[in-house]
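There are 2 protein chains.
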Amino acid sequence: MTVETENTAADLTETMRAMGGRARAASRALGRLDAADRTRGLKAIAAAIRAAAPAILDANLKDMDAARNKGLDAAMLDRLALDEGRVDGIVAGVEAIAALPDPIGREMARWTQPNGLDFARVAVPLGVIGIIYESRPNVTADAGTLCLRSGNAAILRCGSESTRSSHALVDAMRSALTNENLPADAIQLVGTTDRAAVGHMLAGLDGQVDVIVPRGGRSLVERVQKDARVPVIGHLEGLCHMYVDAVADPQKAVDLVVNAKMRRTGVCGSLETLLIDAAVADTLLPVIGTALTDAGCELRGDARARVIVPSMKAATEEDWGTEYLAPVLAVAVVDGLDGALAHIERWSSGHTDSIVTEDAGVAEKFLARVDSAIVLHNASTQFADGGEFGFGAEIGIATGRIHARGPVGAEQLTIYKYVVRGTGQTRP
Amino acid sequence: MTVETENTAADLTETMRAMGGRARAASRALGRLDAADRTRGLKAIAAAIRAAAPAILDANLKDMDAARNKGLDAAMLDRLALDEGRVDGIVAGVEAIAALPDPIGREMARWTQPNGLDFARVAVPLGVIGIIYESRPNVTADAGTLCLRSGNAAILRCGSESTRSSHALVDAMRSALTNENLPADAIQLVGTTDRAAVGHMLAGLDGQVDVIVPRGGRSLVERVQKDARVPVIGHLEGLCHMYVDAVADPQKAVDLVVNAKMRRTGVCGSLETLLIDAAVADTLLPVIGTALTDAGCELRGDARARVIVPSMKAATEEDWGTEYLAPVLAVAVVDGLDGALAHIERWSSGHTDSIVTEDAGVAEKFLARVDSAIVLHNASTQFADGGEFGFGAEIGIATGRIHARGPVGAEQLTIYKYVVRGTGQTRP
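First to last, the sequence lines map onto chains A and B. Following the working numbering, the residues of the first sequence are numbered contiguously, the last one being 428. Following the working numbering, the residues of the second sequence are numbered contiguously, the last one being 428.
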């Protein structure tokens with residue numbers, strides 16, 4: 001038995017290492033393509049997914065059966081499920097990525113030094129990107145094609161429940177690349193559900209993985225950030241705040257809070273904590289509270305909020321640090337901008353925070369002082385989305401502090417190199 | 001004894017955690033300053049270092065005595081040594097950093113979406129930067145002030161041999177900040193030579209360190225990359241290549257190779273491997289070889305090079321992967337551009353590689369295909385330096401693939417956030 005286990009582990013090591021080598025080779029081949037080749041590949045992938053819809057839906061039915069037998073909850077089943085409309089959505093997403101400007105090779109800066117050396121900062125791919133995600137099959141297509149748009153090779157590791165659906169999608173994507181005489185290994189899916197495969201990816205596959213992008217819940221992202229030996233573009237939770245200032249327009253405040261919380265409660269940009277200035281809480285909080293309650297939202301308030309709206313549950317310390325992703329909202333009454341800033345500094349996950357006010361000076365202070373990837377004035381936190389930014393598509397919202405913050409689209413999956421052109425310059 | 005050790009370890013943990021907390025607080029305070037405040041602080045630091053020169057030189061004498069007693073070699077002693085001229089150089093470096101454009105708050109991009117939302121990508125500091133370096137006292141001033149220029153708080157950990165010199169420098173820098181009513185904890189030096197302190201920094205001091213920048217030899221950087229639990233802006237070795245093409249101008253080739261190798265052999269941009277096209281090796285390699293030998297360089301060639309210049313030592317496989325940082329050069333004869341590209345792909349550390357040719361088409365292929373942070377045409381690899389790029393100062397040359405590649409100056413020590421200004425927009 002020991003011998004068998006060792007063999008299996010050795011086999012997995014070898015399988016993963018070989019996958020890394022193929023990804024590196026594909027990444028180098030991608031570097032020699034031009035934008036038109038990548039666009040051609042993306043269009044072919046969109047067509048291939050459309051053509052393979054019956055096979056993809058059939059694979060998804062099997063995933064769904066297995067997931068039901070495993071007792072997955074309704075929300076997880078919903079994320080896993082595909083139907084013709086959702087496959088159409090995946091195809092439309094790939095077509096949108098095909099239509100994006102190609103980010104590779106563009107000159108980000110160019111200047112000449114007094115000695116005549118000509119410097120250019122030129123965008124290049126990151127290389128090989130390992131993407132570890134949960135059981136949403138659309139991520140397989142989104143992530144694979146965003147990597148291709150940005151000249152990167154992708155090693156995809158999906159949640160085990162979506163393996164059949166993801167394989168069917170990747171088969172279609174790879175066939176399209178092969179038919180177009182492009183490197184199929186630009187998009188690879190880890191074939192095993194063995195969790196040890198994730199460990200291999202996090203160790204970097206002998207230097208063949210340049211970046212890991214985790215996309216999923218807190219436990220996944222935390223494991224990746226703890227164990228990764230290669231750089232991570234991390235996506236932690238969205239513990240988003242909205243601060244309603246004394247000089248807020250009351251109707252805007254109601255509309256913005258309700259939209260930020262209730263438009264979709266399961267997305268990372270949904271509101272989790274409402275902060276309201278004590279100066280207007282007496283009059284405005286009851287109106288906002290009623291609008292939220294009418295929309296089906298549970299409120300959990302601090303002591304001052306509950307004096308004003310006694311029907312609220314009492315918030316505990318834990319509520320300020322909880323990403324509900326559900327129709328629940330924590331509510332605190334604060335003393336003006338400074339009170340709001342102190343609460344946000346203590347509790348924000350650095351994702352998205354918003355202020356509602358008609359006072360431009362207060363707004364600019366909030367925008368300058370809140371250190372989150374996205375800060376908004378008089379706008380819903382639900383705009384935290386690459387599409388809403390005009391990026392076309394995103395692989396997630398980065399909450400780390402290096403490389404990229406906020407929506408990570410094709411442009412954020414690139415880096416640069418310096419191209420220096422001389423005429424024989426030596427350094428004195 | 002056990003109890004004492006535990007207490008000491010617990011004390012160190014507490015000391016380092018407190019240092020992290022002070023750095024975070026200083027980082028937040030820095031975020032509220034404007035560019036003029038940072039410039040004022042930098043000018044005061046330059047003046048304070050100049051005024052403290054006697055104390056700094058006295059501390060350095062003690063470091064040097066201790067280092068000689070420990071038997072450090074001449075190269076290490078040279079890096080450690082200060083004299084009045086070197087202190088003047090440090091002051092001039094800080095003054096140059098004070099004169100740099102402040103990178104914080106600049107709008108990197110701004111656009112409006114059809115719904116009227118106004119998006120701005122605005123440069124912000126990284127936060128708290130931990131810098132781990134070896135025994136060059138000037139790094140203490142360079143790194144601390146580059147961090148201040150870019151709005152970051154610095155936690156500096158110098159090599160143990162330079163502790164007294166670095167303390168004297170940091171005392172002057174902190175006094176200057178205090179006198180200017182700026183947060184002195186923007187620049188902190190780890191007070192202990194206990195190596196466990198580095199482990200604490202790599203673990204992130206309870207989330208108070210945002211980025212680690214290692215600056216030093218391969219073993220230091222590799223330890224940091226292996227153990228860090230926070231993002232690293234890595235600086236690996238410079239295994240730089242120069243490819244002399246068939247269509248190279250012979251005199252430029254000689255001048256560039258000799259300059260790239262011999263101007264300073266101990267810097268990361270110095271040439272380590274010469275590749276020469278077989279088409280011109282018979283005539284050009286003897287000339288280049290003589291020029292190098294006359295300049296005091298030892299040559300180690302592959303079989304084809306040694307047929308042409310039999311006096312060369314034979315290169316082993318190890319030579320292609322060695323950063324000599326010494327007057328030694330590996331030499332290989334290759335078959336044209338493809339041969340050069342294959343060698344570089346196999347052996348380059350992704351730092352700096354150069355081509356010498358008068359054929360613009362071949363040059364552009366080389367510049368496009370070589371995937372290094374810096375690629376040059378008809379220019380010496382010794383230009384791999386932030387000052388030569390016009391960055392004013394650098395904390396090192398990044399060889400990783402995320403966040404920054406090449407010289408890391410003040411601008412590269414920043415990230416951005418998105419500021420979104422609306423008029424009440426909700427997301428449909």
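Hint data in this document are derived by calculation from the structure and do not stem from the laboratory. The structure displayed is predicted, hence computed values, not measured ones. A few of these clues could be false.
Any copy will do: because identical chains look the same in the list, a pair fits if it lies in one copy or spans two.
As the list claims (entries may be wrong) - Okay, derived cross-link-like pairs now, EDC-like style, lysine to aspartate or glutamate, Cα gap no bigger than 20 Å in a straight line:
no., residue 1, residue 2
1, 62, 171
2, 70, 302
3, 252, 171
4, 43, 88
5, 226, 206
6, 313, 194
7, 226, 65
8, 313, 206
9, 252, 118
10, 62, 364
Honestly, which of those hints from before does the structure not fit?
-> 2, 3, 6, 7, 8 and 10
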